[in-house]
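Student: What follows is the residue order along each chain.
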Amino acid sequence: MADPVLTFTERGIYCPLGDFYIDPWRPVPRALITHGHSDHARSGMGRYLATDQALPVIRHRLGPITAEGVAYGEARQIGGARVSFHPAGHVPGSAQIRVEVAGEVWTVSGDYKTEADGLAEPFEPVRSHAFISECTFGLPIFRWEPQPAVIARIADWWHANAAQGKTSILGAYSFGKAQRLLAALPPLGPILTHAAVEDMTQVLRDQGYPLPPTTRVTPEVTAKTHPGALAIAPPAALGSAWAARLGQVEEAFVSGWMALRGIRRRRALGTGFVLSDHADWPGLNDAIRATGAERVFVTHGYTAPFRHWLESEGYDAGIVETQFTGDDAEPAQVTE
Amino acid sequence: MKHFAALFAALDGSTKTGAKTAALADYFRTAPEADRVWTVALLTGRRPKRAVTATELRLWAAQAAGIPDWLFEESYAVAGDLAETIALLLPPPVTSTDLALDQAIRGLIQLTGQPAEMRRAAVLAAWAGLPPTERFLYNKLLTGGFRMGVARGLVTRALAEATGVEDAILAHRLMGSWDPSRLTFQALIAGDAGADARPYPFALASPLEGEPDTLGPPQDWLAEWKWDGIRGQLITRPGAFALWSRGEELITDRFPDLAPLADFLPQGTVIDGEILAWNAADGRPLPFAALQKRIGRKTVPKALLAEAPARILAYDLLEEGGRDLRTQPLSLRRARLTAILSALPPDLPLALSPAIDFPDWASLAQTRAQARNAAAEGVMLKRAGSPYTGGRKRGDWWKWKLDPFCVDAVLLYAQAGHGRRANLFTDFTFGVRDGNELVAFTKAYSGLTDAEFAQITRWVQSHTLERFGPVRKVPAELVFEIGFEGIQPSPRHKSGLALRFPRMLRWRHDKTVADIDTLDSLRALFQAER
Chain S
920 MADPVLTFTE
930 RGIYCPLGDF
940 YIDPWRPVPR
950 ALITHGHSDH
960 ARSGMGRYLA
970 TDQALPVIRH
980 RLGPITAEGV
990 AYGEARQIGG
1000 ARVSFHPAGH
1010 VPGSAQIRVE
1020 VAGEVWTVSG
1030 DYKTEADGLA
1040 EPFEPVRSHA
1050 FISECTFGLP
1060 IFRWEPQPAV
1070 IARIADWWHA
1080 NAAQGKTSIL
1090 GAYSFGKAQR
1100 LLAALPPLGP
1110 ILTHAAVEDM
1120 TQVLRDQGYP
1130 LPPTTRVTPE
1140 VTAKTHPGAL
1150 AIAPPAALGS
1160 AWAARLGQVE
1170 EAFVSGWMAL
1180 RGIRRRRALG
1190 TGFVLSDHAD
1200 WPGLNDAIRA
1210 TGAERVFVTH
1220 GYTAPFRHWL
1230 ESEGYDAGIV
1240 ETQFTGDDAE
1250 PAQVTE
Chain G
3 MKHFAALFAA
13 LDGSTKTGAK
23 TAALADYFRT
33 APEADRVWTV
43 ALLTGRRPKR
53 AVTATELRLW
63 AAQAAGIPDW
73 LFEESYAVAG
83 DLAETIALLL
93 PPPVTSTDLA
103 LDQAIRGLIQ
113 LTGQPAEMRR
123 AAVLAAWAGL
133 PPTERFLYNK
143 LLTGGFRMGV
153 ARGLVTRALA
163 EATGVEDAIL
173 AHRLMGSWDP
183 SRLTFQALIA
193 GDAGADARPY
203 PFALASPLEG
213 EPDTLGPPQD
223 WLAEWKWDGI
233 RGQLITRPGA
243 FALWSRGEEL
253 ITDRFPDLAP
263 LADFLPQGTV
273 IDGEILAWNA
283 ADGRPLPFAA
293 LQKRIGRKTV
303 PKALLAEAPA
313 RILAYDLLEE
323 GGRDLRTQPL
333 SLRRARLTAI
343 LSALPPDLPL
353 ALSPAIDFPD
363 WASLAQTRAQ
373 ARNAAAEGVM
383 LKRAGSPYTG
393 GRKRGDWWKW
403 KLDPFCVDAV
413 LLYAQAGHGR
423 RANLFTDFTF
433 GVRDGNELVA
443 FTKAYSGLTD
453 AEFAQITRWV
463 QSHTLERFGP
473 VRKVPAELVF
483 EIGFEGIQPS
493 PRHKSGLALR
503 FPRMLRWRHD
513 KTVADIDTLD
523 SLRALFQAER
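From first to last, the protein sequence lines stand for chains S and G. 920 is the number of the first residue of the first sequence in the working numbering; add one for each residue after it. 3 is the number of the first residue of the second sequence in the working numbering; add one for each residue after it.
This is chain S alone, in the form it adopts within the complex:
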């Protein structure tokens, strides 16, 4: 049998015929990167290749690197492999990476979601022989409401808090989720940002993504100067001294994990909004079906049950172990 298109090594996913890695977690000479989140784009690689839309965030995070951009859908020949990047719908610039060797196509999903969020380039299925899929939410208890319904609920909450003279603080991942919220929320009042969120927002704004004006929280910014404001901050800032300066506040966390009451209660935050940049159970199943793949490898999430499920559905399914999570999702620390 011919060499497999991709193999799974201790440095990450490797293409022997193209001699490159995809989202490697240790330094390698040549890395193809699906998107700018820090568990996918790491420092120390010899050369980086990512979409034109993903590169500014990666450069912002990693500093000076040797990197090249590629357009969505543009094919590149790397050694014996033909590669192209296709929208994954996860965050702005995120991609699935299609690798073709001698007519055999394998696709690495990276992180993805199937619902268009109005900001990230919408997910496009890629016809493949083999599909390597994340499964962060690979159990049937995870089923997302459409974005407009969740956004309406967040808007109501903001509105009610403002009416009581309180500042609303949303905890959201600083790259991706934060900007998705910015783009989707109605203009009910001033929007404040934590420095980590503002820096990332400015990078994306400079790229031309349509994002509303925001105000960086500095010592001069208070509940008095910006009454009825909504602030967006990384989850770690909730309940901190940073939040305290905004006067009377209501805090909420925006994450797919908020679907579980146990996790919501454990964070003792009270309010949680269920909005994820990962595919839910129907999304994962639809996406896999749409690739037409017979072989599916699952990674990042509830891999054991999800693989079992895919096998029962007639797929040839396997698990790709990742370095940091063993065979489980990592809900003990919610970072999604």
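Incorrect hints may have been included.
Covered by chain S, per the in silico footprint, the following chain G stretches (three or more residues, Cβ under 8 Å) [claimed, not checked]:
no., segment
1, 65-77
2, 82-89
3, 327-339
Only some residues are given here: those of chain S computed to face chain G with a beta carbon under 10 Å [said to hold, decoys possible]:
no., residue
4, VAL1168
5, ALA1171
6, GLY1181
7, TYR1221
Simulated from the structure, these hints should not be mistaken for lab results. Beta carbons: idealized from backbone N, C-alpha and C, even for Gly.
Use these hints to put chain G onto chain S, whose structure you have.
Tutor: Using the frame of chain S, we list chain G on its own:
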């Protein structure tokens, strides 16, 4: 269930007591009257009889969701709550039902005892019409365990706010048995039903951390043994003889050996005390395990009555001659209690829990150190001048327990917790050394911080050796100090031992599996205790 769902969302979405009280008070003012009664019942731990078993629910839900049973179980292990798992798994509702809480519960009561096919059809119909939160709450009604993060005190405070009736009076009126299906909200608040056998809210002690010197002069305090039995309230009133557990369960019939008390205690007497299994030969209590055999049984076989006869050690008198004594000082209540008890024939299964004399705190500390000889867990300290206050009011009642036994043991198996601990490995099985083998000897669930549980969860995820359903076998590497209150031989356990109140005291990062204790050292503790 719209009102109830909105209330639930408000309670579940807040960690602030003020906001919760306001939401509840508002509900008690505006919700349909019949629903209010059920809500009080649910929030005070009363629940409708189960119309459906958990096994049936799992089966029907998996079918309705179109998933295999094993995937249902995987989902349940992650969500950690059956009602929630089902609510999340079912496809979105197809119709929209507006089912009042009262209607929903009455429907379930009628389903009890009906053929499975009929119950299944009713449950599926309800699922198909309820939005997600209502569906979750409906499932909670089906499964029983209702925890909304609302303490009893908060419920009475909100009711007091909504009705204008005083908090303490309401707390008393909500005690005991009343039937929410037959009671109006007005009647419940007025305390009309069940007054004959109604118990008073139990006074609860706080743990004494450190030494008692800070409590002031010893003569202000009454000391007695802290017994290891079940707390009970014994009531004799015209037309009523009742024994209540602290969980407000009526347990009169489970203790037929206490029935003669009805003939001898004066009418209008309420006694607070400890129910114990009694060793008449030694004149001291049997270990808790002996009492435990009786607790679960509704009818007690004769052999068990002889093997573990029940006795009440009385420590407080709450009512005498029909008069509520709770505002009187403890010293006076004790004196009245002593008088009543001394007038009883000597062979009744009721006696005074004796006071411990102590001239100074140092002498009490010495007595406390002997608690295990008296088959007690430590000593209780109660302020002699204090009234009897329901609930846990810090300052008047203290429990000063013995330091626990402790052993070092290694983690062998881990399982994810439930509810607030869903998705986090918190339920552990520990082993000690027996020759060259490791023997599982106890489970423990508590004693670590959330951060430690999170850390262990990550470790378990990346070190799983084998899965048995939700249970993970892990390498024998992590060592913990396990504390417990007592130890008994037990043929039901592989180790031959059973512990009382085991919990984790510390994670011993400094120790390895080579340093853990042995089964022999545990047996030695047992021998010593005996």
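Student: Each hint needs a verdict: does it hold in this structure or not?
Tutor: Verification of the hints:
1. Coverage of the segment 65-77 of chain G by chain S holds in this model, with 7 residues showing a Cβ closer than 8 Å to a Cβ of that chain against a need of three.
2. Against chain S, the segment 82-89 of chain G contributes 4 residues with a C-beta closer than 8 Å to a partner C-beta. That satisfies the three-residue criterion, and the hint holds.
3. With a cut-off of 8 Å between beta carbons, the segment 327-339 of chain G has 0 residues touching chain S; three or more are needed, and the interface restraint is violated.
4. For S/VAL1168, the interface hint is violated, the least distance from its beta-carbon to any beta-carbon of chain G being 12 Å, above 10 Å.
5. Interface restraint check for S/ALA1171: the shortest CB-CB distance to chain G comes to about 9 Å, inside 10 Å, so the restraint holds.
6. Annotation: S/GLY1181 was flagged as interfacial toward chain G, and the flag holds, the nearest CB pair being 3 Å apart, inside 10 Å.
7. Proximity of S/TYR1221 to chain G holds as hinted, the smallest CB-CB distance being about 7 Å (cut-off 10 Å).
When held up to the earlier numbered hints, the structure conflicts with 3, 4 and fits the remainder.
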